[in-house]
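Novice: Listed below, chain by chain, are the residues.
2 protein chains.
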Amino acid sequence: MNLDFKKIDCCFSPYLYPVYADTESIVVVIDVFRATSAICVAFHYGADKIIPVATVEEAMEYKKQGMLAGAERNAIKLDGFDFGNSPYDYMGNHVKGKTIALTTTNGTQAIEAARGAYKVVVGSFLNLDVLCDWLVKQNRDILLLCSGWKNKFNLEDSLLAGAVTEKIKAKNNKYILGDGCLAIKYLFQIGKERPTKFFNYSSHKDRFAKLNLKEDIRYCLSYNMAPVVPVLEGKFLVKAAL
Amino acid sequence: MNLDFKKIDCCFSPYLYPVYADTESIVVVIDVFRATSAICVAFHYGADKIIPVATVEEAMEYKKQGMLAGAERNAIKLDGFDFGNSPYDYMGNHVKGKTIALTTTNGTQAIEAARGAYKVVVGSFLNLDVLCDWLVKQNRDILLLCSGWKNKFNLEDSLLAGAVTEKIKAKNNKYILGDGCLAIKYLFQIGKERPTKFFNYSSHKDRFAKLNLKEDIRYCLSYNMAPVVPVLEGKFLVKAAL
Numbered sequence: 059m060n061l062d063f064k065k066i067d068c069c070f071s072p073y074l075y076p077v078y079a080d081t082e083s084i085v086v087v088i089d090v091f092r093a094t095s096a097i098c099v100a101f102h103y104g105a106d107k108i109i110p111v112a113t114v115e116e117a118m119e120y121k122k123q124g125m126l127a128g129a130e131r132n133a134i135k136l137d138g139f140d141f142g143n144s145p146y147d148y149m150g151n152h153v154k155g156k157t158i159a160l161t162t163t164n165g166t167q168a169i170e171a172a173r174g175a176y177k178v179v180v181g182s183f184l185n186l187d188v189l190c191d192w193l194v195k196q197n198r199d200i201l202l203l204c205s206g207w208k209n210k211f212n213l214e215d216s217l218l219a220g221a222v223t224e225k226i227k228a229k230n231n232k233y234i235l236g237d238g239c240l241a242i243k244y245l246f247q248i249g250k251e252r253p254t255k256f257f258n259y260s261s262h263k264d265r266f267a268k269l270n271l272k273e274d275i276r277y278c279l280s281y282n283m284a285p286v287v288p289v290l291e292g293k294f295l296v297k298a299a300l
Numbered sequence: 059m060n061l062d063f064k065k066i067d068c069c070f071s072p073y074l075y076p077v078y079a080d081t082e083s084i085v086v087v088i089d090v091f092r093a094t095s096a097i098c099v100a101f102h103y104g105a106d107k108i109i110p111v112a113t114v115e116e117a118m119e120y121k122k123q124g125m126l127a128g129a130e131r132n133a134i135k136l137d138g139f140d141f142g143n144s145p146y147d148y149m150g151n152h153v154k155g156k157t158i159a160l161t162t163t164n165g166t167q168a169i170e171a172a173r174g175a176y177k178v179v180v181g182s183f184l185n186l187d188v189l190c191d192w193l194v195k196q197n198r199d200i201l202l203l204c205s206g207w208k209n210k211f212n213l214e215d216s217l218l219a220g221a222v223t224e225k226i227k228a229k230n231n232k233y234i235l236g237d238g239c240l241a242i243k244y245l246f247q248i249g250k251e252r253p254t255k256f257f258n259y260s261s262h263k264d265r266f267a268k269l270n271l272k273e274d275i276r277y278c279l280s281y282n283m284a285p286v287v288p289v290l291e292g293k294f295l296v297k298a299a300l
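Chains as they are written, first to last, in my numbering: chain A, 59 to 300; chain B, 59 to 300.
FYI, nobody ran anything at the bench for these hints, they're computed from the structure. One should not assume that every hint holds.
Because identical chains cannot be distinguished in the list, a pair is counted as satisfied if it fits within a single copy or across any two copies.
Unchecked claim - 27 Å max Cα-Cα, derived DSS-like pairs, lysine-lysine:
no.	residue 1	residue 2
1	Lys135	Lys250
2	Lys250	Lys293
3	Lys229	Lys177
4	Lys64	Lys232
5	Lys232	Lys122
6	Lys64	Lys135
7	Lys177	Lys208
These numbers were taken from a predicted model, which means no experiment stands behind them.
Next up, chain A with everything else stripped away, as it sits in the complex (with noise of 0.2 Å):
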């Protein structure tokens, strides 16, 4: 038995997570619609931290203290803050050299959950592959942690979650996938030729298209736009060095 085997599955739910916690695994968290694309977007364009906190109240208050915050609930910014979860509000010189506390529906929620892992980072498909190197880099076990919807699996966390997996497993076949990653990983297999049509019928398609989201869609799910690999650290998410 090669000693040096490791193991990648995936937790389709926050509300889950404490079925697959451990304190080894490096946790992976999945907000594609939209908050872990946007926290990408935000260190690519230079931000310096970013503050997850899981209550519009923390933000607030971040924001009281002169600090930018960006609050989304239901899938719509609040009022009374310089940013929501769209990947766009991040672009640009506005964010560059500065910390930005922010609190979404699913995503920062996901990040709270999983604080006790080994490590977290964020994942994305504008982050896809130098996530992958990294990770695989790490040696270490691997959880996606999907967001989800409400606490619900969801249809774009998980495909992002089967891209990990086979990009990892093409990469380097000591990983050994749990149930979890075996399913997504045909998931993405039939996702990956047609992206936006795949989502033409998930839960997200009406929600957005009330909101008229249509290009954050597409940009969500566009690849490698923001190669940065954000790490928790502390209270902090900071880039990790690559």
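Dock chain B against chain A, hints included.
Specialist: Structure of chain B alone, referenced to chain A:
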């Protein structure tokens, strides 16, 4: 808008059930390897009632009262009981007309979790067609509850959930699929061609190989061998009228 639309969604773990629970849906409990397969077989061979219980102690209590009782933990039949959870244990005249108490690692726990639902029924590949016919007749929202393995996602329960989704959608287009059902419908499209090969990589493979359960696997993946619909009525599972 057509007000007659119904929802069908899938919950991948009993642990996650509170997130999906409502009092209006029919819940289909799925534990392909092997509790819900064994339950279908027992009814097909004439069992009168099954009492699913969460603990070994409860099952033993029924056994002491002179009832037949099955108990399985970690895929192994427990000493002092009449049956484990192999479908082969329940084939024959010895179950005819009997009431059987049953506790298993995953399946009976999932039934326990879902007790508050509008109705709870039992699904397996062995009752796929009659189950789907029955479900469509009820004209209700449906939640497929996969038992998983110790609350983790597993491949075989999800594959059956995909089969149920595909079949129900084919019978009647009024069903709107949740993201969980969309994903597993794709999964089933891949897995159905070669179900045994599909499981060559699953977490159950090693677990079952050690226990020499190849025949059980083959049988549990067979279609329509036990065409019954077990439904929960109070503390008893009974055969629904078809």
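Novice: Run the structure past the numbered hints and jot down the numbers of the failing ones, going up.
Specialist: 1, 2, 5 and 6
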